[in-house]
Amino acid sequence: AQKVTQAQTEISVVEKEDVTLDCVYETRDTTYYLFWYKQPPSGELVFLIRRNSFDEQNEISGRYSWNFQKSTSSFNFTITASQVVDSAVYFCALSEPITSGTYKYIFGTGTRLKVLA
Amino acid sequence: SQTIHQWPATLVQPVGSPLSLECTVEGTSNPNLYWYRQAAGRGLQLLFYSVGIGQISSEVPQNLSASRPQDRQFILSSKKLLLSDSGFYLCAWSPRAGWTEAFFGQGTRLTVV
Numbered sequence: 347a348q349k350v351t352q353a354q355t356e357i358s359v360v361e362k363e364d365v366t367l368d369c370v371y372e373t374r375d376t377t378y379y380l381f382w383y384k385q386p387p388s389g390e391l392v393f394l395i396r397r398n399s400f401d402e403q404n405e406i407s408g409r410y411s412w413n414f415q416k417s418t419s420s421f422n423f424t425i426t427a428s429q430v431v432d433s434a435v436y437f438c439a440l441s442e443p444i445t446s447g448t449y450k451y452i453f454g455t456g457t458r459l460k461v462l463a
Numbered sequence: 046s047q048t049i050h051q052w053p054a055t056l057v058q059p060v061g062s063p064l065s066l067e068c069t070v071e072g073t074s075n076p077n078l079y080w081y082r083q084a085a086g087r088g089l090q091l092l093f094y095s096v097g098i099g100q101i102s103s104e105v106p107q108n109l110s111a112s113r114p115q116d117r118q119f120i121l122s123s124k125k126l127l128l129s130d131s132g133f134y135l136c137a138w139s140p141r142a143g144w145t146e147a148f149f150g151q152g153t154r155l156t157v158v
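Residue numbers (the numbering used here), protein chains in the order written: chain P, 347 to 463; chain X, 46 to 158.
Don't read these hints as lab results, they were simulated from the structure.
If you're wondering where the values come from, they're calculated on a predicted model, not measured in any experiment.
Think of the CB as a built atom: it goes at the ideal place given N, C-alpha and C, for glycine as much as any other residue.
Fair warning: there could be bad hints in the mix.
Stated by the list, open to error - Cβ-Cβ distance ranges computed for the label pairs, FRET-style:
no., chain 1, residue 1, chain 2, residue 2, range
1, P, Leu-462, X, Thr-145, 33 to 41 Å
2, P, Val-431, X, Glu-71, 36 to 44 Å
3, X, Leu-127, P, Asn-413, 23 to 31 Å
4, P, Thr-376, X, Thr-145, 12 to 20 Å
5, X, Ser-65, P, Ile-357, 20 to 28 Å
6, X, Ser-112, P, Arg-409, 39 to 47 Å
7, P, Thr-418, X, Ser-62, 45 to 53 Å
8, X, Leu-128, P, Ala-427, 40 to 48 Å
What the hints assert, rightly or not - Derived lysine to any residue pairs resembling SDA-like cross-links, with alpha carbons at most 20 Å apart:
no., chain 1, residue 1, chain 2, residue 2
9, P, Lys-450, X, Pro-106
10, P, Lys-450, X, Thr-145
11, P, Lys-349, X, Val-105
12, P, Lys-450, X, Ser-110
13, P, Lys-384, X, Arg-154
14, P, Lys-450, X, Thr-73
15, P, Lys-460, X, Glu-67
16, P, Lys-450, X, Glu-104
Generate coordinates for the entire structure from the input sequences, incorporating the hints supplied.
Below, the structure written as structure tokens:
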């Protein structure tokens with residue numbers, strides 16, 4: 347069965363530090379998607395990135411970057427020069443096909459990031 | 046553009062009372078719909094998903110049920126709430142075609158007292 351593990355329950359950093367959030371996944375599918383979401387204190391999940399299993403290129407978006415490595419089944423998320431506004435719970439997720447055009451999203455337990463001023 | 050609405054935002058209910066949470070999606074048709082629960086300090090657990098009107102799949106046995114009376118309406122219900130039903134409930138949708146992310150509502154914080 348599909349599984350997503352986020353071993354880091356909570357991380358605290360000082361503003362401007364870099365921080366990496368780890369995500370390890372398990373799947374038997376050869377085609378799958380991985381996702382990262384941000385959950386600010388308001389509670390709504392905000393989509394950050396989607397990555398398919400055939401694209402191992404690293405992705406960079408501003409201060410955010412993602413490192414996808416199939417060899418280690420990892421999809422790690424790095425925030426460079428962290429800011430207080432980055433404080434949130436971050437979830438990694440994996441798609442699991444149900445039927446054609448329908449997928450379940452398997453989430454990790456999340457990592458709470460606290461950025462201290 | 047597509048939007049998802051979920052209400053109420055917060056709810057305090059006594060043990061044994063019924064529950065009805067509603068979620069509607071606008072701007073799309075035939076979406077996949079999902080109910081997730083986030084218990085305090087825990088991850089997101091998929092409760093139900095639906096691929097069409099009247100089609101509900103349950104992921105975990107529990108005190109809750111779901112219904113999809115209309116294409117873009119998804120309802121989470123309970124006849125008698127338990128203390129363990131407390132949590133943060135999130136509705137989500139995804140397009141039927143193609144690999145894509147799920148889009149979430151703003152959530153309902155349910156406290157059973």
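Of all the hints numbered above, which does this structure not satisfy? Sort the numbers upward. Of the numbered hints given earlier, those the structure breaks are 2, 3, 5 and 15, listed in rising order.
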